[in-house]
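Following the hints, put chain B in place on chain A, whose structure we already have.
Here are the chains, one letter per residue:
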Amino acid sequence: MTFLAEKLDYLQFPFVRYALIVGVLIALCSSLLGVTLVLKRFSFIGDGLSHVAFGAMAIAAILKFTNDMPVVLLITVISAILLLRTGQNAKIKGDAALAMISVGSLAIGYLLMNIFAKSANLSGDVCTTLFGSTSILTLSKAEVLVCAILSIAVVIVFILFYNKIFAVTFDENFARATGIKAGAYNLIIAVIIAVIIVLAMNLVGSLLISALVIFPALSAMRVFKTFRSVTICSAVFSVICALLGILISVITGTPVGSTIVAADIVAFALFTLAGKIMRGKRT
Amino acid sequence: MALLTCRDLSLGYDGKEIAGNLNFEVNAGDYLCIVGENGSGKSTLMKTILGLNSPLSGSITTGDGLKQTEIGYLPQQTDVQRDFPASVWEIVLSGCQNSQGLRPFYNKNEKAAAKANMEKMELTALSGRCYRELSGGQQQRVLLARALCATKKLLLLDEPVSGLDPKVTAEMYDIIKSLNENDGITVIMISHDIGAALQYANKVLHIGKEIFFGSVDEYTHTRDTFAHTEGGGVK
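Chains as they are written, first to last, in this note's numbering: chain A, 1268 to 1550; chain B, 409 to 643.
So that you can see chain A by itself, here it is in the shape it has in the complex (with noise of 0.2 Å):
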């Protein structure tokens, strides 16, 4: 008991907090619409999107903003935009525009890192963008509250459009034919998962990312049978996995992003194991 009450002592410091903060809000958002990607058969546009959101940073770092954010977040929603409106229709289709576009810019943005990088430790700064930072434990006031802010704006649409998204992902052709704008809710989910995935790249990396997107959601869907009730689920799952993969992090000094994601991984075993115990009673 002594040695887990030294180990709270750590709450004290706001280090800690804002971590816990932000990546609770990171994962709450990011599992909200795990299930609709998921299910539209776009699991991999967590990896995509975060490597253009990688190629972005490096033609911002060369650039020499200060702030690349503004600019990571633009290219990055125009990619998620131009992605999702190809939709069912596409020439193209989905998978194969997602492989392209990511690797794409996975190489174009090492090849920039490496023609015009000032920095001593190459390897390592993209190291820590592919992985995950540990400036999720040196995050500044500010930034956390952008964070809350831009997650608080992503629950609020969610909720507002929650229907609609039901609607357009369960069936797109009715959707439309009954008069919804199937095209401005895919426009929205788009924008969406864009700002969630420039915000998850401090958390863990943007190789990881596509994990804070998927695993909650399979994992609901393993026990749960109603769209709210697995958007629910995938949600708590989400948060404490968060917050267990950052408390061990912390306590044990391994990396932030892969313990949350080692986190995801076993609790997804325990619920396809709940899952099956659960299906074999019924029969």
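Do not take every clue at face value.
[Stated by the list, open to error] Label-pair restraints from in silico Cβ distances:
| hint | chain 1 | residue 1 | chain 2 | residue 2 | range |
| --- | --- | --- | --- | --- | --- |
| 1 | B | 543 | A | 1427 | 31 to 39 Å |
| 2 | B | 540 | A | 1427 | 25 to 33 Å |
| 3 | B | 423 | A | 1422 | 54 to 62 Å |
| 4 | B | 586 | A | 1545 | 15 to 23 Å |
| 5 | A | 1422 | B | 586 | 39 to 47 Å |
| 6 | B | 462 | A | 1545 | 41 to 49 Å |
| 7 | B | 490 | A | 1454 | 22 to 30 Å |
| 8 | B | 471 | A | 1427 | 17 to 25 Å |
| 9 | A | 1422 | B | 486 | 26 to 34 Å |
| 10 | B | 466 | A | 1548 | 53 to 61 Å |
For the record, the hints were derived by calculation from the structure and aren't laboratory data.
Everything numeric in this text was worked out from a predicted model, so none of it was measured.
Glycine included, each C-beta is placed from N, C-alpha and C at the ideal position.
Below, chain B without anything else, positioned relative to chain A:
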């Protein structure tokens, strides 16, 4: 005035015509069956009527106070839906979207309409069940209840019995017939099953190399000529 009028309609994608020169009208209370071979443009026609595709040329006009967004649509199932985690209630309720506009949540009237349509389709007991765990016939009834939430006048059914066993198929046809006769809902149905079309419908639209539009009786008379010119395509 006719509920739906199509004039010199030409259908297709990217400027490539699939079916052309379609002229027909649907009056209130009609039961129109659209038949034709695979690839003859049946589904494209339906999507064009719903406003999902735009016609290459010609026009579709709605009358009798019917708005294009007030058509109930029963689509063919997609892969996404087969493993979609949603309850029967959630899906039926989503049919009420067209009355909703930008209002974010459903109101009492919409919930009552969804309940009534579930009752009509005998789904009330399944309300909380997961869609992907239902049988094929139950799933079709769920989608039909959703379509009924979207319309009081016109139903468009795209192969409503595909993949169902004979018993459930007959039940499905009975339900559709009852909606047409007892609830006064106009029905437009795409079907491979010409036998059923002739049994239940009062009008037939045949698209393909030869285009035919008229009553079932007229269609029966001209069938042999079709069979001849299309190499026995119509069975």
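Quick rundown of the hints versus the structure:
1. B:543 / A:1427: 31 to 39 Å: holds, 35 Å
2. B:540 / A:1427: 25 to 33 Å: holds, 27 Å
3. B:423 / A:1422: 54 to 62 Å: violated, 44 Å
4. B:586 / A:1545: 15 to 23 Å: violated, 38 Å
5. A:1422 / B:586: 39 to 47 Å: Holds, at about 45 Å.
6. B:462 / A:1545: 41 to 49 Å: holds, 47 Å
7. B:490 / A:1454: 22 to 30 Å: For residue 490 (chain B) and residue 1454 (chain A) the Cβ distance comes to about 27 Å; the hint holds.
8. B:471 / A:1427: 17 to 25 Å: violated, 36 Å
9. A:1422 / B:486: 26 to 34 Å: Between residue 1422 (chain A) and residue 486 (chain B), where Cβ atoms are some 29 Å apart, the hint holds.
10. B:466 / A:1548: 53 to 61 Å: Since residue 466 (chain B) and residue 1548 (chain A) have Cβ atoms about 58 Å apart, the given range 53 to 61 Å holds.
In summary, the numbered hints that this structure violates are 3, 4 and 8.
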